[in-house]
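Residue numbers (UniProt numbering), protein chains in the order written: chain A, 1 to 341; chain B, 1 to 341.
One or more of the hints may lead you astray.
[Claimed, not checked] When the alpha-carbon atoms are kept at most 30 Å apart in a straight line, the in silico DSS-like pairs for lysine-lysine are as follows:
| hint | chain 1 | residue 1 | chain 2 | residue 2 |
| --- | --- | --- | --- | --- |
| 1 | B | Lys180 | B | Lys4 |
| 2 | A | Lys215 | B | Lys340 |
| 3 | A | Lys340 | B | Lys340 |
| 4 | B | Lys38 | A | Lys283 |
| 5 | B | Lys215 | A | Lys340 |
| 6 | A | Lys340 | A | Lys124 |
| 7 | B | Lys124 | B | Lys340 |
| 8 | B | Lys233 | B | Lys38 |
| 9 | A | Lys4 | A | Lys41 |
| 10 | B | Lys4 | B | Lys340 |
| 11 | B | Lys215 | A | Lys124 |
| 12 | A | Lys38 | A | Lys233 |
| 13 | B | Lys215 | B | Lys283 |
| 14 | A | Lys180 | A | Lys233 |
| 15 | A | Lys233 | A | Lys340 |
| 16 | B | Lys38 | B | Lys4 |
| 17 | B | Lys233 | B | Lys180 |
| 18 | A | Lys4 | A | Lys38 |
| 19 | B | Lys41 | B | Lys4 |
| 20 | A | Lys340 | B | Lys124 |
| 21 | B | Lys283 | A | Lys340 |
| 22 | B | Lys233 | B | Lys41 |
| 23 | B | Lys283 | A | Lys233 |
What the hints contain is simulated information worked out from the structure, not anything from laboratory work.
There are 2 protein chains.
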Amino acid sequence: MSIKAVVYGVGAMNTIATRMLLEKGVTIVGAISRSESKVGKDLGELTGLGRRLDVQVSNDPHEVFERTRPDIAVIAVNSYMADAVEQLRTCAEHGVNAVTLSEEALHPWATSPEITRELDEIAKGTGATLTGTGHQDTYWVNIVAMMMGTAHRIDSVVGHASWNVDDYGPEVAGDQQVGKTVEEFHAWLDGATRPPSFGRNVLDALVADVGLTVKSVTTTTRPDVAQQTMFSKALQREIPAGQVIGFTDVDEILTAEGPAFNFEMSGRVYGPDDGDINEWEIKGEPDLVLSNGTVPTQVTTCTQLVNRIPDVISAPAGFVTVETLPRLRYRAFPLHTYLKG
Amino acid sequence: MSIKAVVYGVGAMNTIATRMLLEKGVTIVGAISRSESKVGKDLGELTGLGRRLDVQVSNDPHEVFERTRPDIAVIAVNSYMADAVEQLRTCAEHGVNAVTLSEEALHPWATSPEITRELDEIAKGTGATLTGTGHQDTYWVNIVAMMMGTAHRIDSVVGHASWNVDDYGPEVAGDQQVGKTVEEFHAWLDGATRPPSFGRNVLDALVADVGLTVKSVTTTTRPDVAQQTMFSKALQREIPAGQVIGFTDVDEILTAEGPAFNFEMSGRVYGPDDGDINEWEIKGEPDLVLSNGTVPTQVTTCTQLVNRIPDVISAPAGFVTVETLPRLRYRAFPLHTYLKG
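So that you can see chain A by itself, here it is in the shape it has in the complex (with noise of 0.2 Å):
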């Protein structure tokens, strides 16, 4: 039988997702979203599929869980678990299995413990999985977990990776800093009161996975500045040379046991020849590297909602993060083939 999903959140990401899902065969029971814009049309004419899906956008998640009772719950909204905690709690309380891209979703255990905690409470109380995947679960956390599951000895582990800040919209790049100076960034560097940076999660995953002990964890920013003047399609402006173009941060976790892992993560305003990237490298034995060359990051933070979700659906009960799911598969047949029992 089908899977029934609830898409929860309209915009770009499940704008993607919702073809992605109809196209593997799951039933979208329903939809949610606070934008007044949204609520009330229909879900297949808002993400342009060129079709009614008879499934009208609501900003009742109560409503739609109790009347709908989906398998899944497929969440793009927001990014930190301060805000993803309202969703996520939605979810675990109507005992609705759920998925989302928030990046600190990832593995919150260190960098929001009590929410996580709570939510896990409520979810196993419920039966229902709690689980942030996207890009994140297989590029970052599970192939590099990997690779390392070839090597005998690590001494550390180094990934680098990017994004670009214009694909996100204005807000966003006035989070990355855009346009200022160097100056202003330092002061606000300085001042800020930041949330945690992903890498610190990614980090947190791939040590979790090996069961090592962190001893530090250390989180070091720097600006990234344009070189010559650049177009940040996001801010519709020219950002001259010398100013920011976005940040770059640095998460090391050292271990007791001796392992470091850094990863390092730049957000800024591409130039033409920029692309997203994933590189990693292993130094022990033996010395290690991956390269995924060019990524489509959005792409793949979609695809991978959609294919974990048979994974979701069979875990245990609670907050479960990537690294303890199965190996990743593709799903050449509907999602609901894929379902142990």
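Could you slot chain B onto chain A? The hints should help.
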């Protein structure tokens, strides 16, 4: 309690694996070799550990298994099921789990169905698990299958790998037709009753993992020719320009459902700038690529032979192929700590 292992075959690969096993807290209780120059010697001395292990190499596997009752046999003896069946059958009959680096054992159901069925039945009867692993486990199967899991639609999967004929001695160099003329190569190819190419087993594993139906299987082989004079370390002689330095197998599987799988593997004499490569490209939605730079194939063969042991001991009885095992993990702690239950 420490895992008890028997080292089956005492050549270059098990010399490396012996040290790795010891460093991962495995107790080596026996060693088996047919080589008269090795029988009776101490495994520690033979493998250059610089100390005795008080494990005398024996040429009688039945006696060793009866006496030591190991948890696992680590087999590094040969490449093809027609030969590997001897060691695997002995393990299965004694109820001893086994990992082997025999390349065809990676997924031998289609290329050696009768032998594999026989081994599967014996192993199921005694409760043993038999698995073919090595470099191909992660780099040619599981990492590719994982990346496939990040695609929405796959049209084709294309892999390129290479290995250095000079790493494997004069016999293998002869098998790879090094030093032949192109005419001699084609005469050999036309008449050769070659065993299956390993690429076939790799593609069989990938296709099995996603549950697709094989429509056609083809293997084509082309000579690799020296562009300038090269030196073959294995043969200890120069190969003039125009002569054969090895060959490239191109295996292809077309599936009834659509996705095409293609793997090109070159075994040739390397020039100074050559290294083992592992490159994969997926065409579909989206397009995806993977490269592991220069891969230390021999080391990653040994690491996977060792690191897979907990998975194989914990797996169901029978002939179990690697795409069905859990995602490989780095073993930071002694191997027995990863056993279930």
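Hint check results:
1. Lys180(B) to Lys4(B): violated, 46 Å
2. Lys215(A) to Lys340(B): With a Cα-Cα distance of about 27 Å, the restraint between Lys215(A) and Lys340(B) holds, given a limit of 30 Å.
3. Lys340(A) to Lys340(B): holds, 21 Å
4. Lys38(B) to Lys283(A): Cα-Cα ~34 Å, so violated.
5. Lys215(B) to Lys340(A): Since the Cα atoms of Lys215(B) and Lys340(A) sit roughly 27 Å apart, the hinted pair holds (cutoff 30 Å).
6. Lys340(A) to Lys124(A): holds, 19 Å
7. Lys124(B) to Lys340(B): Given that 30 Å is the threshold and the Cα spacing comes to 19 Å, the pair holds.
8. Lys233(B) to Lys38(B): Holds. Lys233(B) to Lys38(B) sits at ~25 Å (cutoff 30 Å).
9. Lys4(A) to Lys41(A): Roughly 20 Å between the alpha carbons, so the hint for Lys4(A) and Lys41(A) holds.
10. Lys4(B) to Lys340(B): holds, 16 Å
11. Lys215(B) to Lys124(A): violated, 45 Å
12. Lys38(A) to Lys233(A): holds, 25 Å
13. Lys215(B) to Lys283(B): Given that 30 Å is the threshold and the Cα spacing comes to 19 Å, the pair holds.
14. Lys180(A) to Lys233(A): Within the cut-off at roughly 16 Å; holds.
15. Lys233(A) to Lys340(A): Given that 30 Å is the threshold and the Cα spacing comes to 45 Å, the pair is violated.
16. Lys38(B) to Lys4(B): Within the cut-off at roughly 21 Å; holds.
17. Lys233(B) to Lys180(B): holds, 16 Å
18. Lys4(A) to Lys38(A): holds, 21 Å
19. Lys41(B) to Lys4(B): holds, 20 Å
20. Lys340(A) to Lys124(B): Roughly 23 Å separates the two Cα atoms, so the pair holds.
21. Lys283(B) to Lys340(A): holds, 29 Å
22. Lys233(B) to Lys41(B): This hinted pair holds, its Cα atoms lying about 29 Å apart.
23. Lys283(B) to Lys233(A): Between Lys283(B) and Lys233(A) the Cα gap is close to 29 Å, so the pair holds against 30 Å.
In summary, the structure is inconsistent with hints 1, 4, 11 and 15 from the numbered list given earlier, while agreeing with the others.
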